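Participant: Numbering (UniProt numbering), first residue to last: 1 to 314.
Check before you lean on any hint, since a few could be wrong.
[As the list claims (entries may be wrong)] Now the in silico label distances, taken between C-beta atoms and shown as ranges:
#1 Gly9 to Met131: 48 to 56 angstroms
#2 Ser170 to Glu133: 20 to 28 angstroms
#3 Asp208 to Tyr277: 24 to 32 angstroms
#4 Ser271 to Asn36: 48 to 56 angstroms
#5 Lys215 to Tyr21: 21 to 29 angstroms
#6 Gly9 to Pro273: 53 to 61 angstroms
Since the hints were made in silico from the structure, they are not lab data. Computed from a prediction, not measured in an experiment: that's the story for all the values here. Quick reminder that beta carbons are idealized off the backbone N, C-alpha and C, glycines included.
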Amino acid sequence: MRFLHAQKGTHPDGMADLKRYFRRFGYLPIPPENLNFTDDFDDQFEQALLLYQKNLGLSETGKLDFKTMTVIVSPRCGVGDFTDGAGGGDHGLKTTRRFAFFYGQPRWVRSPPMILTYAFSPTYVIDYVGMPEIKAAFARAFERWSAAIPVNFTEADEYSTADIRIGWYSGDHGDGEAFDGQLGVLAHAFSPENGRFHLDAAERWAVDFDEEKSKAAIDLESVATHEIGHVLGLAHSSVKEAIMYPSLSPRTKKLELRMDDVEGIQSLYGSNPNFRYDSRLESDLSSGRGIVSQRNKGLMWSVMAMAVVAWLGF
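Based on the provided sequences and hints, a complete structural model is requested.
Facilitator: In structure tokens:
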């Protein structure tokens with residue numbers, strides 16, 4: 001890729017497009033009126049890159065090294081990454097430890113026992129995965145969070161009045177957060193008590209990789225678990241193993257809450273009295289829980305790189 005090993009003082013062709021990518025996720029401010037981003041790898045971009053590397057748990061080299069580029073070309077969540085005021089923008093996030101909250105630490109407020117309802121759009125759906133399979137994947141995702149906090153989730157019959165409203169959308173769909181096609185932004189969800197939960201209809205969603213053979217398939221349950229964290233009030237984590245880490249590779253499952261996720265969500269809602277510490281919360285990702293096999297790593301790089309190159313317009 002043309003940006004690999006770029007550093008301050010270089011002028012790689014297309015850097016302006018990469019700066020727009022960094023701007024989208026909150027690392028650069030909007031250029032002054034009548035000015036555009038340039039291809040210069042300047043001081044401002046170096047500082048933005050250092051912050052990106054810090055927030056994504058990477059070595060803070062200030063260079064577009066291989067590991068940094070691997071994360072940049074990974075499909076990811078559309079929610080920005082870091083704290084209010086960082087990177088020159090107003091991002092509405094508040095960081096604590098390695099997990100983060102939206103600014104003001106918004107949370108759902110209901111009389112105990114707290115029950116939140118969710119529903120699926122009757123219009124904005126995908127037709128190649130059965131609704132029973134979709135609902136089962138979401139039920140498992142909600143249950144993971146419910147196991148950690150005193151909040152229960154139940155599916156509602158009426159979409160318009162549900163607390164959490166789930167649908168698949170394409171491109172510009174009216175919320176100011178346009179989707180960008182396959183293997184770019186996968187999904188986004190809004191902080192409490194907004195309840196909007198949008199997935200990119202352009203992705204190839206899967207609930208079973210044995211049945212879905214696409215090399216670009218994205219695990220629905222993994223993304224659902226991540227976005228529910230946003231719906232509940234968590235922002236992104238710099239812990240790569242955490243559910244709230246912003247990126248997810250194709251054909252990868254990442255399903256288990258880690259201690260960083262649990263500490264973050266329990267700081268907002270308290271602990272489920274039945275919650276028990278599990279050593280797996282601290283362990284590395286196990287096989288099938290977020291690891292791409294060595295055999296597939298080169299393939300995943302190629303698939304993701306082509307998608308982001310297309311997204312950036314190279």
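Participant: Enumerate the violated hints, using their earlier numbering and listing them in ascending order.
Facilitator: none
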